[in-house]
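All chains, full assembly: derive it from the sequences and hints.
Below, each chain spelled out in residue letters.
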Amino acid sequence: ETGVTQTPRHLVMGMTNKKSLKCEQHLGHNAMYWYKQSAKKPLELMFVYNFKEQTENNSVPSRFSPECPNSSHLFLHLHTLQPEDSALYLCASRAGDRNEQYFGPGTRLTVT
Amino acid sequence: RKEVEQDPGPFNVPEGATVAFNCTYSNSASQSFFWYRQDCRKEPKLLMSVYSSGNEDGRFTAQLNRASQYISLLIRDSKLSDSATYLCVVTGTDRDDKIIFGKGTRLHILP
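Just so you know, the sequences run in chain order W and P.
So for the first sequence, this note's numbering puts the first residue at 1; every next one is plus one.
So for the second sequence, this note's numbering puts the first residue at 1001; every next one is plus one.
Example chain P residues on the side facing chain W (calculated, C-beta under 7 Å, incomplete):
#1 S1032
#2 P1044
#3 T1091
#4 F1101
Hint data in this document are derived by calculation from the structure and do not stem from the laboratory.
Values in this document were obtained by computation on a predicted structure and should not be read as measured data.
Just so it is clear, CB atoms sit at the ideal spot from N, CA and C, and this is done for glycine as well.
What follows is the structure, given as structure tokens:
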């Protein structure tokens, strides 16, 4: 399935690095989401964008910075992360008139 | 009461058996309901939407009880490949962007 793609699939970074996660959806949806899923924990909503406008920031630390240049692309810029930020970062998209979300395969991030 | 609550399990069920999960939600004005499936170290995938009249897709049946504010998922003739975590998802009111995931119920189908 290639409806929602994410790159890279795996990322190892040091605490002083700056990196970006990319998400692209090919479904014509207009809402996009970032989630964090730590080991053996439920999904945590981080950010929501609707028609490129951020509509929700779920008290996420400023070391995570989202960017949505258009309805098809979503980025998550990372800087000065902590080891506890190691997790699976999932992107999802949703059509405006429906509530089903479709997820990308995720980026497995390890902060050393 | 938590917004969306599920029994975390695990449910250990022999192959071929029938298993049912429930999920309760706190907001009576919630609009839409879904079951997702998540395999280990993979992304959640939509399993089925849940309609007021109940719906069936092969071995899977989903039901919604608005009065008691719960949804259910029934799996008949369970297969080894059904082993996964099943996530209950509830959306907010007035088509807002809030989509609430339960913590999931782990299912192990035993050979």
